[in-house]
Amino acid sequence: MIKRLTIAERQTAMLLSVLIALAGFAMAVIGRGDPMGVHGWIVLILAGALFFALASALYEPEPTEDRAVSYYDDPTKVGILLTLVWAVAGMGMGVWVAAQLAWPDLRFDAAWSSFGRIRPVHTSGVIFGFGGNALIATSFHIMQRTSRARMAGHISPWFVLLGFNLFCIIAATGYLMGVTQSKEYAEPEWYADIWLVIVWIVYFVLYIRTLARRNEPHIYVANWYYLAFILVVAVLHIVNNLAVPASFGAAKSYSAFSGVQDAMTQWWYGHNAVAFFLTAGFLGMLYYFLPKRAERPIYSYRLSILSFWGITFFYIWAGSHHLHYTAVPEWVQTLGMTFSVMLLVPSWASAGNALMTLNGAWHKVRDDATLRFMMVAAVFYGLSTFEGSFMAIRPVNSLSHYTDWTVGHVHAGAMGWVALITFGSIYALVPVLWRKQTMYSWKLVEWHFWLALGGTVVYVFAMWNSGITQGLMWRTYTESGTLAYSFTDTLVKMHPYYIARAIGGAMFFVGAVIGAFNVVMTIRSVGHQAQQLDYPTGSEANEPAVPAAE
Amino acid sequence: MELSYEWTSAFAQSFGLIYLMVLSVAIAVYAFWPSLGKRFDKAAKSILNDEDGPCR
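Chains as they are written, first to last, in our numbering: chain A, 1 to 550; chain B, 1001 to 1056.
The following block holds chain A by itself, in its conformation from the complex:
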């Protein structure tokens, strides 16, 4: 892979890795005696390893390939493999967390393995590690195909991909050492946050520069979703992580906001992390890979535009539904509730658009597990957005909030929608990327599909039952006006559901392991197939970038 870079590019990459290693060394020295120092060593070792890998290949001959005739897929390939590594790690962590709730002895009495530390390793591992890598890798693929142009640059995609993974590693190792900002889905401390901003700006510039080179007049809608994902996540991340470090030599920082403002900022961020990290980018995936796999254009392109702007402008206002019955002004709560209900329109427009695209291709859905992954993902997207709108209604929220119903809702979205569309996309992508005839085993794809679907259903039903039971028990009063059940009473009732949840999660996890195995075996043992198609458009002989008349 390094050999495909020119010598000048190898030198640039070495320079960057030296700079990062130096930053790591500075962190290790200034932050000694603090978790920040440990992070410094991690950065130093990883950047140093990269430096030596580059240095050992520095004097290899210059690449001879003509870069204009192919897409640059090396970062995409590594991104897909990292996605699978994080899937196994993050989901495995999830099974452990779930099992700890059913059998608390599984903590094994260590500080680092306590629930409060390994839960964020699970959430960040699957959201950022698995989801983020999947988004970056597929966006690299889609931006080039829909533009019919090679990526703009050969260092920046690596910087984005590896830099993002460095952020994920800093985050996960930090949680185990007890480093946290105590903001959900924004737990990493200030230095990790600053690093992510740098990576993210490079990602945005790379995307825009690639689109600027496009040989296709219209920017396909999938790109809009990816751009919304990149742009809005940058805004959310920067605002929510505004903080003052207690000292530049330690991890601890204090938020720029306090009290109600802090809560409102956090849930503005938190809900839009769901909207723009876990929805917009994955809709981009859906709008590209589903029509591609079904070999049918999207049912209504007009509807996709409408739902794009609907999602972009409605979601931003919905966050306050996380703060019903709190000190947040009531009109803000009502605003959040109203926008959450309105969100049903663009959400169902997307889900319906996906399913209508399959109309006339249902035999393919029956025969092809890859397409079935995407179809079921669209169904779960429709279901969980309906559930979300419903739960945002204040009286419903009074029953559901703080209960396992919320957990069930999140997992219906994360497992049923996000993970299924990702796995479907990976199965569609791997043979194309690695120029293979087919996947190693279609039977294993079927196994993965049914384990994932079964696991999701078991999980979600367990949490619905658990959450509603919990919610009802918490609001049951005796005749004398006191609470009828103690907290421990509810825990006893939860126990069977927690076991069911661990089983559902384990099924989903086994499916992901099978998927990772299948991808590795495809790369290692399936025969090569030179692709007739899937090359960028020649830059001389193409249409003008802007159509003269239509």
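There could be a bad hint or two in this list.
Said to hold, decoys possible - Under the rule of at most 35 Å between Cα atoms (straight-line distance), these lysine-lysine pairs were calculated in the DSBU-like manner:
#1 A:K443 to B:K1045
#2 A:K364 to B:K1045
#3 A:K364 to B:K1042
#4 A:K436 to B:K1042
#5 A:K436 to A:K77
#6 B:K1045 to A:K77
#7 A:K77 to B:K1042
#8 A:K3 to A:K436
#9 A:K436 to B:K1045
#10 B:K1038 to A:K364
If you're looking for bench data, these hints aren't it; they were derived computationally from the structure.
Mind docking chain B on chain A? Use the hints.
Coordinates of chain B only, in the frame set by chain A:
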């Protein structure tokens, strides 16, 4: 101009409302403007034609 609760909430409740309404209408008009149909159809099919290889 003082950044008070009253000012912020009045701004959100007036300007926020207007801008969302205008945007919604404008986007709906754009998405369903009849003469743009051909362009959208072409865009929808573009990802499938994409694999025709280099177009010469």
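Hint numbers contradicted by this structure: none
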